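Start from chain A and add chain B according to the hints.
2 protein chains.
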Amino acid sequence: MNIIRTFLWVFAFLFLNAPIWAQNPVDQNFSDNKTGQDEFPETYSEVSNPIPTPVHLWQNRRQNVVGWGNTDTRYKKEEPARVGDISNKIEMTGWKGERISAQLVVSAVKSPLELSLEVSDLVHNSNKKWRIEQRTISTGFVRYVMTDELNKDKKGACGHRNAKDFDSTLVADPIDHLTRSLLIPKNSTRPGWVKIWIPQNAFPGSYTGTLKVLDSKKVIKKLKIEINVKDRKIPAPQKWRFHLDLWQNPYAAARYYQTELWSKAHFEAMEKDIQHYANAGGKSITASIMNKPWNGQTYDPFQSMVTWKRKINGQWEFGFTAFDKWVKFMMRMGVDKQINCYSMVPWRLSFEFFDEASNSMKIVETEPGEKEYEEIWGAMLTSFAAHLKEKGWFHKTYISMDERPMEVMQETIKVIKTADANFKISFAGGNHPELYEEIDDYCLSMEESFPQEVKEERRKNGQISTFYTSCAHAYPNSFTFSPPAESEWYGWYAAANNLDGYLRWAYASWVKEPLLDSRFTTWAAGDTYFVYPGGRTSIRFEKLLAGIQAYEKILILKEEFRNTNNQKSLKELEEILHLFSNNNFDQTTASEVIEKAKLVINSF
Amino acid sequence: MNIIRTFLWVFAFLFLNAPIWAQNPVDQNFSDNKTGQDEFPETYSEVSNPIPTPVHLWQNRRQNVVGWGNTDTRYKKEEPARVGDISNKIEMTGWKGERISAQLVVSAVKSPLELSLEVSDLVHNSNKKWRIEQRTISTGFVRYVMTDELNKDKKGACGHRNAKDFDSTLVADPIDHLTRSLLIPKNSTRPGWVKIWIPQNAFPGSYTGTLKVLDSKKVIKKLKIEINVKDRKIPAPQKWRFHLDLWQNPYAAARYYQTELWSKAHFEAMEKDIQHYANAGGKSITASIMNKPWNGQTYDPFQSMVTWKRKINGQWEFGFTAFDKWVKFMMRMGVDKQINCYSMVPWRLSFEFFDEASNSMKIVETEPGEKEYEEIWGAMLTSFAAHLKEKGWFHKTYISMDERPMEVMQETIKVIKTADANFKISFAGGNHPELYEEIDDYCLSMEESFPQEVKEERRKNGQISTFYTSCAHAYPNSFTFSPPAESEWYGWYAAANNLDGYLRWAYASWVKEPLLDSRFTTWAAGDTYFVYPGGRTSIRFEKLLAGIQAYEKILILKEEFRNTNNQKSLKELEEILHLFSNNNFDQTTASEVIEKAKLVINSF
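Those protein sequence lines, which keep their order, are chains A and B. Heads up: the first sequence begins at 1 in the UniProt record's numbering, then just goes up one per residue. Heads up: the second sequence begins at 1 in the UniProt record's numbering, then just goes up one per residue.
Next comes chain A alone, as it looks inside the complex (with noise of 0.2 Å):
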């Protein structure tokens, strides 16, 4: 036993400090480490340190730290954690049906160790058969992921860029529910994740529990739980009314897990990753229905879901098998408000299609205010009406399009318009108020604002008004080197400007080695994804749903004060999320503003 022990303790040495990886963290292309490839594992090792160990500050420690943290820190994995800054015991609020997290840390000081958790039942404090079942909650380690940083200006981070010109570091954001055992080295943190799913139908009051924090069979550690559930009720993610719009890829997952497009293989895979979206309230399934809408800007480009071909007769067929895939699979995973439909003005005015005289594919470039592009599209929105309004979506379907100019959109708006006059139509972009009667779900980037009437007004008309965040923003912002708390300020910041939701333009469009380097090409790490391969999601991404679930709270106190001409508490909110109007972090952080807003809102 001792013999496999020891092998097990060289073996780990070896891969988690191979300094093959600590010498050239930017050039390696994974060739030892792949995650998604062949053979989709449980767990993965990740890439090594840049960072040199500061072997100082672990010198003068005793004994191993362990115990919770908070969920808005990114616990460095070089540095050991500060003893007085975690706790043996943790103290939270819910409501029913609300998903709250924490986040444990251990600082391996005096040998490696074998790490794996263990969560008991939550057990109410007047009668033990008032559970919140150990089934209902997940622990998981926080995992290690290649981060950058902002622009060398700091006020943004766009643009293509060389790794090299970027500082590399390994930062925790990705929450890995399917490692159940980890090696720690010496010298080494590690953070966990506890996520527990307050059952809808939670009896009010106070449950405590305990997570054990071992080391292969032995307990190092026994940290309690206590969960004060309110008597007040969070609906069901689909009823919620945030908008959230992440763009989902399927093209991305198709090459993760090497399952051919569309198959039965592939939706299955998808499911894990799409649950999150949907268990968040996702509001729209993303489509692209032509090749390439933003010209292939992200590791797997977008082809169309519909597919176009031109005949020898000069006719065009379009079909939409996989788009009726794409879409029967995400109603079915709970996201089944809207449908978007990227795009009629792609960032290249260039259309695909299958040539019948040729038996290729050929090109057409063209654009919004030509007479081919009329016809071309003309013909194409015609179809996809009869087909939409054949399957019952139509009325769900929207004709998306984002960041174009004005002129464009209005000799686009002409075409779809000419095709049916009821097809809806969705924007994210500038500010135009020339648009804003036309567009049926809005939303602008986060400098910009709708005036107060005009929100109103579309609530009133059934039409959406959002914000969206992207590469332009330095913060708040969600890169995986991001302070958490500015994913959550986002449902807050929503709810504060009588905003209907938020879209980003990428929820999973991985890069190649998204559990191990979230750099890409463009834009800083982490912009072009929310969660990681194999259903885990990350610090950011559970941190966003906290804001959204503040924000549906938000809407139910409002509600009830309202209802209940309660002034005062009115007030309380309303003061509360002023803090929240704009976004100057000058002066404060997302976490400071937010544990303020959290005491107001747990008080009520």
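Quick caveat, the hints were computed from the structure, so don't treat them as lab data. Do not rely on the hints blindly, as some may be mistaken.
Which copy? The list can't say, so a pair holds if one copy fits it or any two copies do.
[To be verified] Lysine-lysine pairs mimicking BS3-like chemistry, simulated, CA-CA at most 30 Å apart:
#, residue 1, residue 2
1, Lys272, Lys311
2, Lys325, Lys371
3, Lys152, Lys455
4, Lys325, Lys311
5, Lys272, Lys362
6, Lys309, Lys325
7, Lys558, Lys239
8, Lys325, Lys391
9, Lys389, Lys311
10, Lys230, Lys568
11, Lys311, Lys337
12, Lys325, Lys362
13, Lys512, Lys311
14, Lys311, Lys391
15, Lys264, Lys371
16, Lys309, Lys328
17, Lys362, Lys309
18, Lys417, Lys391
19, Lys391, Lys309
20, Lys371, Lys389
Quantities reported herein were computed from a predicted structural model and do not represent experimental measurements.
Chain B alone, transformed into the frame defined by chain A:
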């Protein structure tokens, strides 16, 4: 008027002597000489002669040289025709229904000429009403095109070539019936071509007429023509037994004429070119049933006339719209004996198809013997057979292969016969006795031969046995620099060796500017095409036709002599054919042996 004339001469001088072509004949991109682009012109300017004019050969001449030459000579542009080689009258012998050609030559010694030709009716010497009418006689200028030469070892002309490694010269080859008047600079030579289609119902006997050679409106020479029409008849080309198989390339025509593939304009443009193939008794329609059967070896690669689609459910779907249009067109043109379909064993074993899942073309690489190959081709051939039977074309259709190893062929044949045991198969390549029975249309490279009894056996079974020439043959061949008689030699060789016909891989796989420069990036110049755009034939093609007519005449004579038990004539005929039993031109030339043979044929 004089001003216009002067302008014309200046214009002609600039164009025909433009030094930029002479200095850089290789790298020119024909930017000033577009012959097929934009608008198809009736005439065009040749590229300049890279060979300087040998002025001494012209200095002592006193007057222009105008007279009949012979069709075996490619007259040099820069040298005066020798007076001793030409004559004022030409006497020719032909059968009823035969096409006979004559070449005249004009050397402008004294001054430039604005050359045109006018031919009269040819009148029977017994009765003036009996005529070979002008409308059955075509006249044209022989034009100069850039050519190169054999490989440096003189053993062949295969392989990639860099123009600068080879001598480049202008050579007389295209026969241009569209240009009605041509400016001939002083000290240059220009041949003309006269082609007479003796009516099927002509009275035997002697016909005479005149060809007027004009300088602008002035007749500078009247050349006499006398044709002795024998009381023998050659049938219409569609009834010829010679199996002529020159591979057509509609993709080259579409590009050159700038027409949409398979459009009305495309077919209209091709009519003029395909007409010569039909009139030479062309038997095979060349159809490409997958993309790039020869891995894109021609300037315009063959795409598939059959669309290939893999549906999301994994099923294959094939479309035959282009195939049907092409086959119907060729049949309407008179080429309707068989359809040769390339290729189940393309030179690169990669098959391109439209992938419904991704709205894009995908490639599958698989080879005979593999399960995937069987599945794909099994699906294709089953669908194809059903379609062909519906069209009534199944019995005319050959699944065609060329130059593949025998083992590969055998595996492929299994797949074909599994799909439909009655599919016919054609093959051009090596000599494999094991395949004699399976291959219905078998074409051997010229240096190979079928055993005598095999040819008889195959003919009895309705199977065809032919031969081909390619870049592997230094001579006889039909490069633009090959002696013209070598193309005629093919027909005689087939007759002498009891073969059914001849195949060449390229009828009109045009290079970028086929009228200007016959060189290509692989093989010797002219290898890729026999005829020129605009319905222009060539010296090579007219000589090929002469050989095919000789073949038909020999079959007819042999049958007659056998039927009449005319042993003497049969022996004479066999003896003269013996001259063609091999292709050894060390001691003689194609021209010499054909001249001898013709004397004998014409004596019957």
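Consistency of the hints with the structure:
For the homomeric pair Lys272 and Lys311, the shortest alpha-carbon distance between copies (26 Å) is at most 30 Å, but the shortest distance inside one copy (40 Å) is not. Only between protomers do Lys325 and Lys371 lie at most 30 Å apart by alpha-carbon distance; the minimum there is 29 Å, versus 32 Å within a single protomer. For the homomeric pair Lys152 and Lys455, neither the shortest alpha-carbon distance inside one copy (37 Å) nor that between copies (81 Å) is at most 30 Å. When the C-alpha separation of Lys325 and Lys311 is checked against a cutoff of 30 Å, the pair qualifies both within a copy, at 25 Å, and between copies, at 13 Å.
Proximity of Lys272 and Lys362 under a CA criterion of 30 Å is satisfied inter-copy only: 28 Å between copies versus 36 Å inside one chain copy. In this homomeric assembly, Lys309 and Lys325 come within 30 Å of each other (Cα to Cα) both inside a single copy, at 19 Å, and across copies, at 18 Å. Proximity of Lys558 and Lys239 under a CA criterion of 30 Å is satisfied intra-copy only: 17 Å inside one chain copy versus 94 Å between copies. In the homo-oligomer, the alpha carbons of Lys325 and Lys391 lie at most 30 Å apart inside one protomer (12 Å), although the nearest pairing across protomers, at 36 Å, exceeds that limit.
Proximity of Lys389 and Lys311 under a CA criterion of 30 Å is satisfied in both settings, with 25 Å inside one chain copy and 24 Å between copies. Within a single copy, Lys230 and Lys568 get their C-alpha atoms as close as 20 Å, which meets the 30 Å cut-off; across copies the closest is 122 Å, which misses it. For the homomeric pair Lys311 and Lys337, the shortest alpha-carbon distance between copies (29 Å) is at most 30 Å, but the shortest distance inside one copy (35 Å) is not. For a Cα distance limit of 30 Å, the shortest separation of Lys325 from Lys362 qualifies both inside one copy, at 25 Å, and across copies, at 20 Å.
For the homomeric pair Lys512 and Lys311, the shortest alpha-carbon distance between copies (28 Å) is at most 30 Å, but the shortest distance inside one copy (37 Å) is not. Taking identical chains as interchangeable, the C-alpha atoms of Lys311 and Lys391 lie at most 30 Å apart whether they share a chain (25 Å) or sit on different chains (20 Å). In this homomeric assembly, Lys264 and Lys371 come within 30 Å of each other (Cα to Cα) only across copies, at 23 Å, whereas the closest approach inside a single copy is 41 Å. When the C-alpha separation of Lys309 and Lys328 is checked against a cutoff of 30 Å, the pair qualifies both within a copy, at 23 Å, and between copies, at 23 Å.
Taking CA atoms no more than 30 Å apart as the test, Lys362 paired with Lys309 passes in both settings, with 10 Å inside one copy and 16 Å between copies. Only within a single protomer do Lys417 and Lys391 lie at most 30 Å apart by alpha-carbon distance; the minimum there is 20 Å, versus 44 Å between protomers. In this homomeric assembly, Lys391 and Lys309 come within 30 Å of each other (Cα to Cα) both inside a single copy, at 22 Å, and across copies, at 25 Å. With identical chains, the CA atoms of Lys371 and Lys389 are at most 30 Å apart within one copy only, with a shortest distance of 27 Å there and 42 Å across copies.
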